[in-house]
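These protein sequences, in sequence, are chains C and G.
As numbered in this note's numbering, residues 1 to 265 make up the first sequence, in order.
As numbered in this note's numbering, residues 1 to 570 make up the second sequence, in order.
Just to be clear, a hint being listed does not mean it is correct.
Computed list of lysine-lysine pairs in BS3-like fashion (alpha-carbon distance at most 25 Å, straight line) [said to hold, decoys possible]: (1) C:LYS127 x G:LYS25; (2) C:LYS142 x G:LYS406; (3) G:LYS25 x C:LYS124; (4) C:LYS124 x G:LYS16; (5) G:LYS96 x G:LYS14; (6) G:LYS406 x C:LYS124.
Per label pair, the in silico range of CB-to-CB distance [said to hold, decoys possible]: (7) C:LYS189 x G:PHE42: 47 to 57 Å; (8) G:TRP408 x C:ASN55: 53 to 63 Å; (9) G:PHE473 x C:ASP101: 43 to 53 Å.
It should be emphasised that the hints constitute simulated quantities derived from the structure, not laboratory data.
Model, not experiment: these values are computed from the prediction.
The beta-carbon is built from N, C-alpha and C at its ideal position, and this holds for glycine as well.
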Amino acid sequence: MAEPTEPSIESSPAPVAAPALLVQRLTKSYEGALAVQDLSFQVARGEILGVVGPNGAGKTTTLRSVTGILPLQQGVVRIDGIDLVQDEARAKHALAWIPDDPQPFDSLTVIEHLEFTAALYGVKDWKALAGDLLARFELTEKRQALGGELSRGMRQKLAFCCAWLHQPAVVLMDEPLTGLDPRGIRSAKEAIRALARSGTAVVLSSHLLELIEELAGRILILDRGRKVFEGTLAEARATLGAGGDQSLEELFLSVTSEPNVGGPR
Amino acid sequence: MFGHPAFRKLLALKFKGGVRAQFQKLRRPLNWVYMLVGVAVFVFWYLSIFLVSLAQRGAVTRDPETIEFGARAMLLLLTVMTVIGAFNHRGLYLPKEEIELAFSAPVRRTDLVRYRLLVNMLRSVLVGIVFGLLSAMRMPLAFAAFCGTLVTICTLTVLGQATAILLGGAENEFARLAKKLPLRIVATVLAVVLAGSVGFLVFGDQDFAHELFGALPEGESPLLRLARLPAARFVLAPFTPWVRAITAPDLATFFPWFGACCVLWFLLFEFTARIPVDFRELSLATSADIARRLNRVRRGWMGASASTVDKRALSWRVPWLFGRGPLGAIAWLKLGQIVRKARGSLLTSSLIVLLVTVFFTKALDEPTFEHAFAGAALLATVGTLYLCMGLRFDFRSDLELMSSIKTWPIAGWRVFLGTILPEVALVSLLLSAAILVRAAITGAFVPELLCVFVLQPLVTFTWVAVDNAVFLFSPLRYSPGQESALQHMGRSVYLLLLRGVVFGGVAFVAAVPVGLFVLFANEVLGWGLRGIVWVASAILAGVLLAAAAALAWLGGRLVHRFDVARDRGT
């Protein structure tokens, strides 16, 4: 169970409009080694936040803590205004998670994955919505294919469909474009933009800096579990760079250390 | 009580998917054959239990006290095994495709536990039916024994899960200490200590037991005397409701105890679901660990080959046992796997073979020629069967490499030989050592042991070659949790029959010249048994060599025929 949170966090002034995702003073350690340290950020509705950092920076640990996969050791996470520790099931109802390597059920068909997801999130009349999603992600012809038969890219597309189905307030994605072909990448990018336009907050973690640069309104740079920067690309150029029009890659390389090989993700 | 409706739906969908997968596998005609044989074996197995129970009913006339003590002792054993097994699954085990989904879904953890308990119990029902049939034939009232055993097995399943979660909680509390504790070793030590204690109490020094527990009460049998010990009564007392249900002599006695067992099962079920332990991190670790192990098994790494590479063995130089040519290179590759992955298993196997050899030699042997030769031959045969199951390094673990192997500029038969010869050499080496140890103990270093040393590798090669030829012809790999259990069972029977045909063929071909020679040697030359053994062994070796050559040729053809797009082992 998460330890009691510090009073100062609880008593901090609430934002004027509650963000879709609020993370305050998140700290996570593995066997004494700090993977994430005192991390705070928030994402507004309709916003795309890009999370970048070298290997071992704590990106995946952060996302898995926010989704409730890992228990919160310290800090506060509020999803759509609901505290993840106080009301876990309701908070998770407003959330969707796309892991870096989605693992569908070997013996379930594509459409059965959506049927199960609809039951899990209590989505009524899911069939029409599922049909639209399958069409958008070019999986209509694969609706009867088994999870174990899907290629890496198709597994990713199926994960998108399942995440989109219950129209969550917050979607967290870890390396979402891995394994997709160019057409798949294009439709995924378009789908992410459309999701944000519909009011969903999107947190996008990726090593593909061009993708973050293209999609994210704001970026969060992590290094060894700590926040190095949070803001827009223009702010990053002004704060971290030597001015001009440096790319995110140049900024990234200038503020982060060498990869911490073997460290926590 | 039955958890979140979505997980009940998942259970139904997975069941439907499992049935569908069975039918999909039946698209290949050979899988029909495997499945039919598997079904036949399964039905025969269940029927045999049932018929034996029918036949033995009435013939069993044990007194109620002995029956009750036996049931209590069995329950103690099953409980200890369940608790020890929980050390391997700390937290709540969820398969890798479920765990992140389940933990990020809007589902209470109590419902996740309920879902998992239902899955485990559905699996344990099959075990419960077998145990139920077995106990039905030994207990006074078959119906009571069957139902009582079934509810007992279901309760033990829940107990195992509760223990795993509580162990997880303890590990969370004492994380650092637990990390330092080698829990598997602790579990093994506990099991050994327990087995040793039971063994000592039953077979050991009675004076010591007297001092510890007081004088053994006088009784009709040692079992009853043990049952009447106060310590035994104390330890076995908690099993009373289940034992009374299983051993009930009539329905009037059975129903109240059975009702109590059902209530206890329900209470334990609900308690387990509500244990206030956050098992998420442990479950993630357990799930990843089991997924890694299953993946190794699914890739065909069975027995010792399923182990991970032991880094301590990296400094060991792998010898080029079969020369530096192409065949030698393949064998060297395989030998590297053995040396680096099976270091522990090799030591364990050597120890087991040594202990068994010493024990049986001490217990059974006499230093005569007949005993020396027949004992060595028996050791070589049984050792081949045992070691070939555990030290399996063959084409199963190379399935993912087949697309590379197919591009190598080497004849198929060389690939076949290079792949299986290291396993044959390893098994032969161990068995030769065991035969020498045996000869040293008995002092019977008869020259005819050379015949065993020559014949054993040929027998082992034939045994392994048939297995690999069948695998290359129809590469079906089975791992726990797959739906193809019946096909796997059928395939094993089919393989056994095929091995019987091959060895029967060898025996048949060798029988004619051996028979003629024995007649000639006895009648005309007046040779004794030892001379006949030499010549008969030489003839048998010749026939086995011919069979080995034929199998190597066949294996080569099968390597050539192997289609990497079609033959994917599933």
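### Task
Can you let me know if the beta-carbon spacing of TRP408 of chain G and ASN55 of chain C is within 53 to 63 Å?
Given range 53 to 63 Å: violated, Cβ gap about 36 Å.
#### Entry: Straight-line alpha-carbon gap LYS406 of chain G to LYS124 of chain C, limit 25 Å
The hint is violated at about 52 Å.
### Query
Between LYS127 of chain C and LYS25 of chain G, does the CA-CA distance stay at or below 25 Å?
violated, 29 Å
#### Entry: Verdict for PHE473 of chain G, ASP101 of chain C (Cβ pair) under range 43 to 53 Å
violated, 34 Å
### Message
Checking one constraint from the list: CA of LYS142 of chain C to CA of LYS406 of chain G, max 25 Å. Satisfied?
### Response
Violated, at about 32 Å.
### Message
Please verify whether LYS124 of chain C and LYS16 of chain G have alpha carbons no more than 25 Å apart.
### Response
It holds: about 22 Å lies between the C-alpha atoms, which stays within 25 Å.
### Task
Take the C-alpha atoms of LYS25 of chain G and LYS124 of chain C, compute the straight-line distance between them, and say whether it is at most 25 Å.
violated, 35 Å
### Supplied distance hint 47 to 57 Å, evaluated on CB atoms of LYS189 of chain C and PHE42 of chain G
holds, 52 Å
#### Entry: Holds or violated: LYS96 of chain G to LYS14 of chain G, with C-alpha atoms at most 25 Å apart
holds, 15 Å
The structure fails to meet hints 1, 2, 3, 6, 8 and 9 from the earlier list, while all remaining hints are met.
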